[in-house]
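Trainee: Sequence:
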Amino acid sequence: RYFQVARCYRDEGSRPDRQPEFTQIDIEMSFVDQAGIQRLIEGLLQYSWPEERGSITTPFPSMTYEEAVADYGTDKPDTRFGMKIVDISDLLRGSSIQFVKKVLNYPRGSVKAICIPQGARYLTNKDLESLKESAKSQFNQEIVDMICKPDGSLKSLLTKFLGEKQQSDLIQALNVQVDDVVLLAAGEHKQVCSALGMLRLESADLLETAGLALRNPAAFHFLWVVDFPLFLPREENPTELESAHHPFTAPHPSDTSLLYSDPTKVRSQHYDLVLNGNEVGGGSIRIHSAEQQRFVLEKVLKEDSEVLSHLLEALEFGAPPHGGIALGLDRLISLIVDAPSIRDVIAFPKSFKGRDLMANAPDYVTPEELEQYHIQVSWPLAEKEAKKS
590 RYFQVARCYR
600 DEGSRPDRQP
610 EFTQIDIEMS
620 FVDQAGIQRL
630 IEGLLQYSWP
640 EERGSITTPF
650 PSMTYEEAVA
660 DYGTDKPDTR
670 FGMKIVDISD
680 LLRGSSIQFV
690 KKVLNYPRGS
700 VKAICIPQGA
710 RYLTNKDLES
720 LKESAKSQFN
730 QEIVDMICKP
740 DGSLKSLLTK
750 FLGEKQQSDL
760 IQALNVQVDD
770 VVLLAAGEHK
780 QVCSALGMLR
790 LESADLLETA
800 GLALRNPAAF
810 HFLWVVDFPL
820 FLPREENPTE
830 LESAHHPFTA
840 PHPSDTSLLY
850 SDPTKVRSQH
860 YDLVLNGNEV
870 GGGSIRIHSA
880 EQQRFVLEKV
890 LKEDSEVLSH
900 LLEALEFGAP
910 PHGGIALGLD
920 RLISLIVDAP
930 SIRDVIAFPK
940 SFKGRDLMAN
950 APDYVTPEEL
960 EQYHIQVSWP
970 LAEKEAKKS
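In short: position in the sequence shown from 1, add 589, done, that's the working numbering.
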């Protein structure tokens, strides 16, 4: 086993919560299971947690990937506030609303909604239109709004198609109060969840901007998200599968037999640590059977296992059960100190173009300097000049 603080590099654009160069707490262990790694991380965080930020309670709650997507529309939910997604498909199944009837005839069709507390009081018509436009542009998802009037009834284009009992059941299911706003979406399950999950966060931002306290900035809600799918359909060819995380992740013990009969239903032993809606760590238990690893590479992923023959040979000699996890140190610290960007907690952070402004790097090095170290470099500019000549 090893524990290290490692400097890492990622070939992707900069955002407030990430940049090309970052630091992580990297842990790999033998003879360990998922619960063992989770307890280790909980103990590490509890021991090192700053007293000024209060105390954290262990063990951290756990939620499956399916639960997170269904309730929050994301695999990294912010559980500091409610506004959960509610499935109202059964409540509207007998309605005369044409688009609802059409959607519910699809295999994965569903109707879901979120309730924005005091939305009619704190959100403007412009805000509501902005939310609808976000869902349309990001997910091609239409949104219908409903407003709870002072008499407790719902105001919406849909209410004329709903009976009194359906309206009453809807109000009860969503726990709608006077001045609340309901956002309703109908479509494919995952798309609807994702769209409403985004609107949940955008609505929270709008409410807090308008003065309604919703998320306690002094609260730290850790959460384990588990049971991710092991494989996903390839975007370019949905009939083929790709690893949801990496091809060395072990299947869930209960799903091992499905690996050989229906790999699309296999859950993985991957786990993410989420803090206030931000992923601060992730890891997995690895496959330690050469036979199982070869099957995943060759039969499921249709990859050439020869490229990883050295790994398969090592596993054949008898590798112990093993797994690991990595915590994003910069991101974790930025959340603890409530910094808006990880750049605020990194000494000499890189710019959005990946440059070190302190050292003015990367910079041009003369051929004479390179020659001392027997280094040859093919400069892009030199290549262009050579092509011109």
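No lab work stands behind these hints, which were simulated from the structure alone. Among the hints, erroneous ones may be present.
[Claimed, not checked] Derived lysine to any residue pairs resembling SDA-like cross-links, with alpha carbons at most 20 Å apart:
(1) K891 <-> L847
(2) K690 <-> L747
(3) K744 <-> K754
(4) K754 <-> S742
(5) K691 <-> Q755
(6) K691 <-> D679
(7) K721 <-> D794
(8) K888 <-> K942
(9) K673 <-> H778
(10) K738 <-> Q766
(11) K779 <-> V889
(12) K673 <-> T853
(13) K690 <-> Q707
(14) K721 <-> Y711
(15) K891 <-> D851
(16) K715 <-> H778
(17) K939 <-> Y953
(18) K738 <-> I760
(19) K888 <-> N805
(20) K673 <-> I736
(21) K673 <-> E731
(22) K854 <-> V889
(23) K942 <-> R596
(24) K888 <-> A833
(25) K691 <-> H835
(26) K888 <-> Y953
(27) K854 <-> G866
(28) K738 <-> V767
(29) K738 <-> Q727
(30) K779 <-> S723
(31) K715 <-> Q727
(32) K665 <-> S783
(33) K721 <-> P706
(34) K744 <-> D716
(35) K691 <-> L751
(36) K754 <-> D740
(37) K888 <-> R856
(38) K779 <-> T828
(39) K673 <-> K888
Trainee: Just pull the numbers of the violated hints for me, sorted ascending.
Mentor: 8, 11, 12, 13, 16, 19, 25, 26, 27, 29, 39
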